[in-house]
Amino acid sequence: MIDFRRTVLVIVGLIGALVIQTTLFGRVRVGGIAPDVVILAVVLFALRARPETAMLAAFSVGFLFDAVASSSALGLRAIAYTTVAFVAIRTRERADLGPVAVAVWAGLMTLVAIGTLLVVGTLFGQIAMGFEQAGRRLLLVPLFNLGIALLLSPFTSRLLDGRRGVMGL
Amino acid sequence: MREFRDDRSVPLFVTLLVIAFVIMTLDVRASGAGPMDTVRNGASRMIAPVQTIGAAIVDPVARLVENLSDIAGLRNENAALRAELAQVQADLAAVEQDRARLEVLEEMLGLELAVEELVRTNANIIGRSDSIDELLTIDRGEEAGILPGHPVLDQNGYVVGRILDSWNGGAQVVPLIRDVEGITVTVGDQFGSLQPIIGSSEMVLIVLESARPVEEGDQVVTSQLSLSFPRGLPVGEIVAGARPQGQTLTATVRPFTDTNRLEAVIVVAWPPDPAAAAADDTPETPVDGATGDTTPATREEDR
Chain V
1 MIDFRRTVLV IVGLIGALVI QTTLFGRVRV GGIAPDVVIL AVVLFALRAR PETAMLAAFS
61 VGFLFDAVAS SSALGLRAIA YTTVAFVAIR TRERADLGPV AVAVWAGLMT LVAIGTLLVV
121 GTLFGQIAMG FEQAGRRLLL VPLFNLGIAL LLSPFTSRLL DGRRGVMGL
Chain L
1001 MREFRDDRSV PLFVTLLVIA FVIMTLDVRA SGAGPMDTVR NGASRMIAPV QTIGAAIVDP
1061 VARLVENLSD IAGLRNENAA LRAELAQVQA DLAAVEQDRA RLEVLEEMLG LELAVEELVR
1121 TNANIIGRSD SIDELLTIDR GEEAGILPGH PVLDQNGYVV GRILDSWNGG AQVVPLIRDV
1181 EGITVTVGDQ FGSLQPIIGS SEMVLIVLES ARPVEEGDQV VTSQLSLSFP RGLPVGEIVA
1241 GARPQGQTLT ATVRPFTDTN RLEAVIVVAW PPDPAAAAAD DTPETPVDGA TGDTTPATRE
1301 EDR
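Quick note, the sequences are listed as chains V and L, same order.
If you read the first sequence in my numbering, its first letter stands for residue 1, the second for the next number, and so on.
If you read the second sequence in my numbering, its first letter stands for residue 1001, the second for the next number, and so on.
Please keep in mind that the hints were generated in silico from the structure rather than gathered at the bench.
Honestly, I wouldn't trust all of these hints.
Looking from chain V toward chain L, a few residues come up when the C-beta cut is under 10 Å (computed) [said to hold, decoys possible]:
#1 THR7
#2 THR23
#3 LEU24
#4 VAL28
#5 LEU76
#6 THR122
#7 GLY135
#8 ARG136
#9 ARG137
Cβ-to-Cβ under 10 Å is the rule here; a few derived chain L residues that face chain V [to be verified]:
#10 MET1024
#11 ARG1040
#12 MET1046
#13 ILE1047
#14 GLN1051
#15 ALA1055
#16 ILE1057
#17 ALA1062
#18 VAL1088
#19 LEU1092
The calculated label-pair distances, taken between Cβ atoms and stated as ranges, are [unchecked claim]:
#20 V/PHE131 <-> L/LEU1064: 33 to 41 Å
#21 V/SER153 <-> L/ASN1041: 38 to 46 Å
#22 L/SER1044 <-> V/VAL8: 35 to 43 Å
#23 V/LEU139 <-> L/THR1015: 27 to 35 Å
#24 L/GLN1089 <-> V/LEU139: 24 to 32 Å
#25 L/GLY1127 <-> V/GLY135: 50 to 58 Å
#26 L/GLN1089 <-> V/PHE131: 38 to 46 Å
#27 L/ASN1041 <-> V/PRO154: 15 to 23 Å
Quick caveat, the model's predicted, so the values are computed rather than measured.
Every residue, glycine too, gets a C-beta built ideally from N, C-alpha and C.
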């Protein structure tokens, strides 16, 4: 059975990440580029959640992001986030070494998400970006997310611990 | 790590991807209209209140971060403004310098020399030597009729020195305070020789056969006995009164001109007759018109 309270927590967490991304990081940028905390939330959620839940949540939040805060076609971020959730649940055991490993892993997952976003978006004519701009995003966004994941290491430690995790869905 | 069922995750992943691609394709084909637009609008309306609340919550944080980044930006801006200010000050200094030069040139144009018929050439000082010889380099030379030995005056008509060398496009001026040739001058009705003092900005006046003392502030002017300078040009003033010792009077003279402050000079074509100057260059004449003064006896002969 799915724990209702935990489900609400996860939904609140993902939507909270979406809100933070579209408000706080809509204004606070470094060199015109902001971290992507929605991707980070999806990745960290995938660290503990069941695969189906993680992918459904990633798809939903991606779809919601496209609907409320994106000018690109609906489904673009749904594809990217679902893909990264899938890759994350396939590789999450490699991150089970500690908070630093989780941070590096989260950075790599962000790279996968941004890469997917750029490739699919370009193929569908939704993203028109030069190599330099794309390269900066492929480099900086994962680095920013890695940094945030390090800052969140107490939280990720609890995720790794698994005993008091809030995402045992 | 909790176990997961790969057999269900992969089909789910593929299914979700297919759904997402279908939605995306429909949205792209609909070009922002149709059912996908309705979905988009509905989701936006649903999330808008949350976004509003979220914005209200994160706004102070965003403002704090923006302010922090502004501080860094302000520092950079401050540094840039300081650099700009320094540049403007440098430009202003250059303008002031040009204005001072202009004033000097205007004074030169309005200067009435004792001998008006002399040809005068204004020239800018474009270079200075080191503190050893303190030569000045001016921007006009032979092409302007400036020749070695020509007297050099400042904008007030005070004697600066003489031309040491000239070429097409420039000349060198040796200031009086460094000119070992000295200059024949008059103090009152006494003739004397003014010589530089090594390492000093003042000069020494030696009057042979002196009959009267000199007083502080007495003006020293070029003598009518001088071949190198027109008569009556102000040179300097007596620093301290002095009395003759025997028949010789020695006094310190402070030149009127400060060569360190000069921006431009006037070169006077003297002597006015080049033939006379050429005659002065003959070996029989102790000095030529270009380099120095003669003794009183010789000068009398020259005259």
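Going down the list of hints, with the structure as the test:
A least Cβ separation of about 16 Å between V/THR7 and chain L goes past the 10 Å threshold, and the interface hint is therefore violated. Among the interface hints, the one on V/THR23 holds; its C-beta lies about 4 Å from the nearest C-beta in chain L, closer than the 10 Å criterion. Proximity of V/LEU24 to chain L holds as hinted, the smallest CB-CB distance being about 4 Å (cut-off 10 Å). Residue-level restraint check for V/VAL28 holds (minimum Cβ-Cβ distance to chain L is 5 Å; threshold 10 Å).
Checking V/LEU76 against chain L by beta carbon gives a least distance of about 6 Å; that is within 10 Å, so the hint holds. The interface hint given for V/THR122 is violated, since its Cβ lies 13 Å from the closest Cβ of chain L, which is over the 10 Å cut-off. Taking 10 Å as the C-beta contact cut-off toward chain L, the hint placing V/GLY135 at the interface is violated, the least distance being around 23 Å. Violation of the interface hint for V/ARG136 is found here, the shortest Cβ-Cβ separation to chain L being roughly 18 Å, above the 10 Å cut-off.
Taken as an interface hint, V/ARG137 does not check out: its beta carbon lies about 20 Å from the nearest beta carbon of chain L, beyond 10 Å. With 10 Å as the threshold, the beta carbon of L/MET1024 comes within range of chain V, its nearest partner Cβ sitting at about 3 Å, so the hint holds. Annotation: L/ARG1040 was flagged as interfacial toward chain V, and the flag holds, the nearest CB pair being 5 Å apart, inside 10 Å. Hint status for L/MET1046 relative to chain V: holds, with the closest Cβ pair at about 8 Å, below 10 Å.
A least Cβ separation of about 5 Å between L/ILE1047 and chain V falls short of the 10 Å threshold, and the interface hint therefore holds. Using the Cβ-Cβ criterion of 10 Å, the hint placing L/GLN1051 at the interface with chain V is satisfied: the shortest such distance is roughly 6 Å. Hint status for L/ALA1055: holds, given a least beta-carbon distance of 4 Å to chain V, under 10 Å. Checking L/ILE1057 against chain V by beta carbon gives a least distance of about 8 Å; that is within 10 Å, so the hint holds.
Interface hint status for L/ALA1062: upheld, as the beta-carbon distance to the closest one in chain V is roughly 4 Å, under 10 Å. Given hint, L/VAL1088 at the interface with chain V, is violated; its Cβ is 31 Å from that chain's nearest Cβ, farther than 10 Å. With its C-beta approaching chain V no nearer than about 37 Å, L/LEU1092 sits outside the 10 Å limit, and its interface hint is violated. At about 35 Å, the beta-carbon gap between V/PHE131 and L/LEU1064 stays in the expected band of 33 to 41 Å.
Between V/SER153 and L/ASN1041 the CB atoms are about 40 Å apart, so this pair conforms to the stated range of 38 to 46 Å. L/SER1044 and V/VAL8 have their C-beta atoms about 22 Å apart, which leaves the hinted 35 to 43 Å range violated. Checked against the given bound of 27 to 35 Å, the beta carbons of V/LEU139 and L/THR1015, roughly 33 Å apart, stay inside it. The hinted window of 24 to 32 Å between L/GLN1089 and V/LEU139 is violated, with their beta carbons roughly 42 Å apart.
Between L/GLY1127 and V/GLY135 the beta carbons are some 54 Å apart, a value that agrees with the proposed interval 50 to 58 Å. In this structure the hint that L/GLN1089 and V/PHE131 lie 38 to 46 Å apart at CB holds, the actual value being about 44 Å. Taking 15 to 23 Å as the suggested C-beta distance range, the pair L/ASN1041 and V/PRO154 does not conform, at roughly 40 Å.
Checked against the numbered hints above, the structure breaks hints 1, 6, 7, 8, 9, 18, 19, 22, 24, 27 and satisfies the rest.
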